[in-house]
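Peer 1: Okay, here's what each chain looks like letter by letter:
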Amino acid sequence: MHITQEHYADALVLTLAGRIDNSTTEGLKAGLDAYVATCRAGGDRLVLDFSKVEYISSVGLRVLMLAAKQSREQGGTIVVAALQPVVREIFEISRFNLVFECFGTVREALAKVSPAGLAAYDAKRGT
Amino acid sequence: MAGLWVKFWGTRGSIPVALDSATIRGKLTRAIVAAAGKGLDTQEKARAWVENQLEFSVSHTFGGNSACVQLDAGDKEYVLCDLGSGVRVFGNHVVARDGASKPNVYHVFVSHLHWDHIMGFPFFAPAYVPGNTIRIYGCHKELESALRRQQDAPCFPVPFHRLGASIEFVTLEPGRSYDVAGWSVTAKLQAHSGDSYGYRFVRDGRVVVYTTDSEHRLDDPSAVEAAATFFADADLVIFDAMYSLAEAVSVKEDWGHSSNVVGVELCQLANAKHLVLFHHEPANDDERIAQIWQETLRYEEISRSGESLRISMAYDGLEIEL
Chain G
1 MHITQEHYAD ALVLTLAGRI DNSTTEGLKA GLDAYVATCR AGGDRLVLDF SKVEYISSVG
61 LRVLMLAAKQ SREQGGTIVV AALQPVVREI FEISRFNLVF ECFGTVREAL AKVSPAGLAA
121 YDAKRGT
Chain F
1 MAGLWVKFWG TRGSIPVALD SATIRGKLTR AIVAAAGKGL DTQEKARAWV ENQLEFSVSH
61 TFGGNSACVQ LDAGDKEYVL CDLGSGVRVF GNHVVARDGA SKPNVYHVFV SHLHWDHIMG
121 FPFFAPAYVP GNTIRIYGCH KELESALRRQ QDAPCFPVPF HRLGASIEFV TLEPGRSYDV
181 AGWSVTAKLQ AHSGDSYGYR FVRDGRVVVY TTDSEHRLDD PSAVEAAATF FADADLVIFD
241 AMYSLAEAVS VKEDWGHSSN VVGVELCQLA NAKHLVLFHH EPANDDERIA QIWQETLRYE
301 EISRSGESLR ISMAYDGLEI EL
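These protein sequence lines map, in sequence, to chains G and F. Following the working numbering, the numbering of the first sequence begins with 1 at its first residue and continues without gaps. Following the working numbering, the numbering of the second sequence begins with 1 at its first residue and continues without gaps.
If we strip away everything but chain G, and leave its shape as in the complex, we get (with noise of 0.2 Å):
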């Protein structure tokens, strides 16, 4: 699973990309780990950015029930954003929509949860 990371203040944008199913789940929960652990009260604001993703499996979407659940525990916020047509099915259909906030874009998951965020977001896109 190939997870790229970008810091806007202090929010933390994780891209995600390729197909999340039984072969990439552990690669997923891997990559996700270390950001969830710090994604507390006061830390930064974790962002899924989904844009890569063709698909997600059941498998892949219980990676994510665990990092919502963590991270709500430690007071943290993590939201998703930018999901292709066909995942944004899956998670209506599994009710994972109902989990997380999902936003259209990473810019308006931004404007939701980091104000500080997307201004640099803005900043370092000359917008």
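Mixed in with the good hints there might be a few duds.
To be verified - Pairs of lysine-lysine, DSS-like flavour, derived with a Cα cap of 30 Å:
{"#": "1", "chain 1": "F", "residue 1": "K27", "chain 2": "F", "residue 2": "K45"}
{"#": "2", "chain 1": "F", "residue 1": "K76", "chain 2": "F", "residue 2": "K273"}
{"#": "3", "chain 1": "F", "residue 1": "K76", "chain 2": "F", "residue 2": "K141"}
{"#": "4", "chain 1": "G", "residue 1": "K29", "chain 2": "F", "residue 2": "K252"}
{"#": "5", "chain 1": "F", "residue 1": "K76", "chain 2": "F", "residue 2": "K188"}
{"#": "6", "chain 1": "F", "residue 1": "K252", "chain 2": "G", "residue 2": "K69"}
Stated by the list, open to error - Calculated Cβ distances over 12 Å to all of chain G for the following chain F residues:
{"#": "7", "residue": "H140"}
{"#": "8", "residue": "E142"}
{"#": "9", "residue": "G194"}
It should be emphasised that the hints constitute simulated quantities derived from the structure, not laboratory data. Note that beta-carbon positions come from the ideal geometry of N, C-alpha and C, so glycine has one too.
Knowing the structure of chain G, use the given hints to seat chain F on it.
Peer 2: Same frame as chain G, now just chain F:
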């Protein structure tokens, strides 16, 4: 009825659910509005339109009785899974068809002893008729005591020992194959409070898997593989899809039930042909269950990598030919 059939007499989970008057009025209202301008001026036209055109969740209900499923190969002896409240309807059907005095043999495979899976037995008319034989199979050592206890005073007026039929209990060993009434039957331990057991039935090269009240832990690859092996190449998998995936892995984790999404994935992994979603959540009305059905059909399309998987939503009265 020739061939191999599976008939659903009870499909609801946890507790029977009755349609109330407000719900029936709502269905009638929607049907009347939908029928406007259709020229349905005879009983025949109206019936054909209801059966073929009217929205499924309006023309049907997904059922109120708790678990009872019949495997019907056209034999004289009856084969059932579970003794939920649906077995009352089944028993009445047999008595109406055969008459009360015709002796019959019933083979019943019990998944587990939670009340919704045994509550129909005190209302199973053939149990009161001398000459009938009822053989109850299961893997729980408390199988007989649980059936007896639910008829003890003050819970029920007729104690178990007063039942007229000959009632026998057979304890099965999981993983071992048994020949019963023309079927080869194998039980499998499932994750559920107090344990439950699924059954794999094989006959004439056809396979039916009855797997209710079973939670599938996605973080345990060996358990997933074992489930897929149990479902392997099944013609029909009757699957507990009580919760959404999000519920099953969060607030209702360890509650012992599964989801439509996991049902699809396991059947695809097992190369099963037909998935029947079963053990419906009592809180879900017909519209909600119909929505889950449509969503499951879509999820099957999205996740499909080989042959397509047929998907049905169980309802009381559903009959499927294998």
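Peer 1: Would you mind marking each hint as holding or not holding in the structure?
Peer 2: So, going through the hints one by one against the coordinates:
Distance hint between F/K27 and F/K45 is fulfilled; the C-alpha atoms sit about 19 Å from each other, no more than 30 Å. Restraint check: the Cα-Cα separation between F/K76 and F/K273 comes to about 28 Å, which is no more than 30 Å; the hinted pair holds. The suggested pairing of F/K76 with F/K141 holds, with an alpha-carbon distance near 29 Å, which does not exceed 30 Å. Distance hint between G/K29 and F/K252 is fulfilled; the C-alpha atoms sit about 22 Å from each other, no more than 30 Å.
Restraint check for F/K76 and F/K188: satisfied, since their Cα atoms lie roughly 27 Å apart, inside the 30 Å limit. Distance restraint check for F/K252 and G/K69: the Cα-Cα separation of roughly 13 Å lies within the 30 Å cut-off, and the hinted pair is therefore satisfied. With a cut of 12 Å on Cβ distances, F/H140 stays outside the contact zone with chain G, its closest approach being about 29 Å. Against the 12 Å criterion, F/E142 stays outside the reach of chain G, whose nearest CB is about 33 Å from its own CB.
The beta carbon of F/G194 sits about 24 Å from the closest Cβ of chain G, which is more than 12 Å, so the claim that it is off the interface holds.
In terms of the numbered hints stated before, the structure departs from none.
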